[in-house]
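Engineer: With chain A held as given, fit chain B onto it using these hints.
Chain by chain, the residues run as shown.
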Amino acid sequence: MMSLREEIERANEVAVERMMEASAFWVNVEEAGRKLNVFSQPTLLHAGPPITWERASGPLRGALIGAVLLEGWADTPASAESKLSKGDIRLIPTHELNVVAPMAGVVSPSMPLIVIKDPKYGNEAYSNLNEGIGKVLRYGAYDDSVLKRLRWMGTEFAEALRASVYQAVKEREGLDVKFILTQALNMGDEGHNRHVAGTSLFLNELTRYMLMADLPKDVMLRVLEFVKSNTFTFLNFAMAAAKVMTLAAHNIKYSTIITVMSRNGTYAGIWVSGLGGEWFTAPAKVPQGVIFPGYTQEDANPDIGDSAITETAGFGGFAMAASPSIVSWVGGSVKFAVENTEKMYQITHTKHRYFKIPYLSFQGTPTGIDLRKVVKTGIEPVINTGIAHKMAGIGQIGAGVVSMPMDMFKNALRAYAQKYGV
Amino acid sequence: MLRNTVYEASGIGESLLAELLRRGDLELRIMKRTSNNIYCVLGDHLVPIGMAPLVTPFTLSLTPEGGPVKVFIRDDSVILLIIGKPLVYMRPGESKAKISEWRKLAKISSIMGSLIREEIDLYLARLIFKILNYSWPDPGRVIEESQQYLGLGSGSTPSLDDFLAGYITGWGKYLQPKLELRNTTQLSRVLLSEVLKDRDYLIDVATLREYAKGRGDIFEQALRVAAIGGTSGLFMLLGIASALLQKVGARNTLLKLWRAVVNMDDVER
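The listed protein sequences correspond, in order, to chains A and B.
Here the working numbering is used: position 144 in the first sequence is 144, and no number is missing along the way.
Here the working numbering is used: position 14 in the second sequence is 1014, and no number is missing along the way.
This is chain A alone, in the form it adopts within the complex:
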């Protein structure tokens, strides 16, 4: 008969093994309204744990207003706000539908979703498409330029991607996102806030498939120009890949491995593998970092977005030592980046088999956050993140580093002890 200690160790070994071995192929682009069975009534998805309009932060409110306008459910921001505040539009956390989306993470039925498949463990995860930086919906901006871009992304851009990925599926199983991620970590990305290598590698593949799809030259040029000018294009692919990896590790009895870390701009929340889909939350912290000219740290909203799924899967902030250049974007020094990665080994189960850090002699990244170790050591998982303005309608004002609040880990451990303790 195994001891509880051995049961936990075995469960964590299984969970992290599945997380590392999961594959992640991009196989399709589908409209959210067709892919997800929740839009029969006016519904929007949002990043992080559940939240109401009343408690929603500025950037989340801005993104929700923008999505209502995009869907044509209201003609003006004021009437959109009125519908949202009256509860006419249902809000659902993305993670509960296997969707991950950066920052506000708002997904509406007409938006295209990237479909990432893991044939090995039979899971699928989804993300929206990345709009770029600055004045964009995911940071809470919703003016005409934002909506115009989203409309193009939902039509010509999505159709071009769909036609391209169809070629990839015909040729092989789809586009291997995990392979690109593995390469990108060796080329100076950390996979959360730096995707210069990842997006370039992605573009290499995409160009070939666009040619194979025989897309019109002008469409191809617009698509290539858009992807080339937005190094964050690959972020959403990496996030959906991370989600499909963590899904493989989820719902393992006894496992103390964290399978979701996310934030909605008001609260941060986590899931624990052995505790199913129960959210454990605490107030989100405000990221510190490099603020764009014209703004100050005081303008920063508390942490927001599903993108901490990258750290949950063993890259992003946990792989900072692989990405010395990241410090020019999020602040700090190269020494800090290395120290941060080294610290994360203290709260994780193992070193990743495929995600390697050249600077640390190709050591695997810290992988599989162990709830018990976080609480025992007092070390909060550190993530790289974008910084949104706290007012609705403005957008991104910087990028930086933030840690996940300890209280939610303690709350989760309390529930875990209640369920599994003797």
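Careful, some of the hints might be misleading.
[What the hints assert, rightly or not] Rough simulated footprint, nothing fancy, chain A against chain B, three-plus residues with beta-carbon under 8 angstroms: (1) 1111-1121; (2) 1222-1228; (3) 1256-1262.
Everything labelled a hint here was simulated from the structure, so no lab data went into it.
Glycine included, each C-beta is placed from N, C-alpha and C at the ideal position.
Structural biologist: Here is chain B on its own, set in the frame of chain A:
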């Protein structure tokens, strides 16, 4: 490693503060330096100093933000000077109230105890299980049987000693054990002799004993104890949980707690 330089402290144990206020300043001899802490001596008392030191009536907590106690660290001594009003670590005092929260304590102790991984510590856990089992319900016999294993286990305070520190604190003043402290590390010898003299010496552990009587959030306090050192806090937690489960006569829960940490088949062997 703490360097030879000037630090500031914001937290101070009540006994050390009383001595500092009485004398105005204090010079302490350094007994031992570990990777994160310095241990000094004041009379026959141990003074733990560090960023997150063991909390005792003689502790000094250094803080990067600055605090009201100036701390000058040299090669072989530490000088303290008080310039403001610090946070004071107080002994919780032992109440006669009944232990009511032992089930919760067993649950959280079993989960945190699952972090014990070193072979020597697992071997030790099996030994402790056996001792607790055949010594039931006599705490004096537990101490007596543990005597031969003093100094066993990992860390600068060996794990068995940590277990005993928690166990003795858990029993409180109702248990007056005799322990021969020769066969262990110098640091552990001094710590255990403090615990033998003063059941509130390990303030976080003693506070947990009192919270088990419903005086505070036992879960939060158990985590504070578990966080002490590398594995020290885990064994202290198991020690105090064992004492309290013995006190309330919860033998099955006590055995289940240790079976959560060690493999039953190995114990039976």
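Engineer: Would you mind marking each hint as holding or not holding in the structure?
Structural biologist: Now for the hints, and whether the structure bears them out:
1. Here the segment 1111-1121 of chain B counts 6 residues with a CB under 8 angstroms from a CB of chain A, which clears the bar of 3, and the coverage holds.
2. By the rule of at least three residues with a Cβ nearer than 8 angstroms to a Cβ of chain A, the coverage given for the segment 1222-1228 of chain B holds, with 3 such residues.
3. For a cut-off of 8 angstroms, the count of residues in the segment 1256-1262 of chain B with a CB near a CB of chain A stands at 6, and the three-residue condition holds.
Of the numbered hints listed earlier, not one is contradicted by the structure.
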